[in-house]
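Listed in order, the protein sequences are those of chains W and G.
Residue numbers 1 to 220, in UniProt numbering, belong to the letters of the first sequence in order.
Residue numbers 1 to 129, in UniProt numbering, belong to the letters of the second sequence in order.
No wet-lab data here; the hints were simulated from the structure.
One or more of the hints may lead you astray.
[What the hints assert, rightly or not] List of simulated lysine-lysine pairs, BS3-like, C-alpha gap at most 25 Å: (1) G:72 / G:17; (2) G:17 / W:150; (3) G:51 / G:93; (4) G:93 / W:150; (5) G:81 / G:51; (6) G:93 / G:72.
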Amino acid sequence: MAVHSSNGTHDLEVRVSQLLKARSDVEPRQLIEAVEAIMATAQGDLSSANLKLYAEIESLAHYIQNARAEIASLRPDEITDEHLPAAGEELEAIVGATEQATNSIMEAVEAIEAVAAELPPEQAERITNAVTSVYEACGFQDITGQRISKVVNALRHIESKVQALLIAFGGEALPKPSRKAGSKRADGKDRPDEHLMNGPQNATEAISQDDIDALLASFD
Amino acid sequence: MAGVDMNMSILIVDDYKTMLRIIRNLLKQLGFDNVDEATDGSAALQRLRDKPYQLVISDWNMEPMSGLQLLKEVRADARLKDLPFIMITAESKSENVIAARQAGVTNYIVKPFNAATLKTKLSAVIGNF
Chain W
1 MAVHSSNGTH DLEVRVSQLL KARSDVEPRQ LIEAVEAIMA TAQGDLSSAN LKLYAEIESL
61 AHYIQNARAE IASLRPDEIT DEHLPAAGEE LEAIVGATEQ ATNSIMEAVE AIEAVAAELP
121 PEQAERITNA VTSVYEACGF QDITGQRISK VVNALRHIES KVQALLIAFG GEALPKPSRK
181 AGSKRADGKD RPDEHLMNGP QNATEAISQD DIDALLASFD
Chain G
1 MAGVDMNMSI LIVDDYKTML RIIRNLLKQL GFDNVDEATD GSAALQRLRD KPYQLVISDW
61 NMEPMSGLQL LKEVRADARL KDLPFIMITA ESKSENVIAA RQAGVTNYIV KPFNAATLKT
121 KLSAVIGNF
């Protein structure tokens, strides 16, 4: 900055000399002092502000550079290309496997139920009750499937955020995830009741069937 | 038994085939054999417009058309507006129940449910059987 200031003063002296040639009624020394005083004040203020700003920008640049290096070392392309899709596929495989197993169980139980119809009433009733319990228990597949779908949707969200981060740090946009959610809500963001579809809820959030019955009754 | 037609036609709607099978089997155990299936709201609406049904039992979370949207379509349709509609869903928050009730749901069953609950709710909607 001192170099700039010295050069500026020299330039000023040259310009003032030229001006004096044109107008001889001005005292050169006074004019130079006045202008130098103004410049010194202005330069002092600007230098201080500029230095602070420069330091902040420099610090920010270092921060961004470090962040970029750290993100690059995390291999975000692997996260979006391999890890997240693999996790999604594994979860979908779980849904498929449980569905297949549940259907096998249901088929076997339906066969048992058919045999029960040929038995004496008392035995038939006992078997039917047991079969009913199995049917009820098979509902787990629906519930776990929905829970897994929520996880798959969360993975997709993370994937899109990682991509956004990559783009923000100067990377290229990766192809959009093509994975389907386990089964529910693959592309349902535009549904009017999307905000109401968050189930199955955790025990702390859910209300019981009795609570639901009471709530419904309150409308009557 | 009085007043309840055990041969009434029932449409069950769920995108999980396992759940359709469970509900169908439980209804069969209760004596209801005339049951059709649909795997989302829009398919169900088409069925409802093609054939007369006496009861709909529907899941909520389906796509492209959800159970709530189906319910609203049913209530907005002059021919279907009085159709009994039971929601069977894993959505178990008060706001869901209120939204369904405001849309005109007849009854609401939260998953996981048992056969006894299904029978109780059916009785409440169509009468004791």
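Comparing the hints with the structure gives:
{"no.": "1", "hint": "G:72 / G:17", "result": "holds (24 Å)"}
{"no.": "2", "hint": "G:17 / W:150", "result": "holds (19 Å)"}
{"no.": "3", "hint": "G:51 / G:93", "result": "violated (33 Å)"}
{"no.": "4", "hint": "G:93 / W:150", "result": "holds (16 Å)"}
{"no.": "5", "hint": "G:81 / G:51", "result": "holds (15 Å)"}
{"no.": "6", "hint": "G:93 / G:72", "result": "holds (19 Å)"}
When held up to the earlier numbered hints, the structure conflicts with hint 3 and nothing else.
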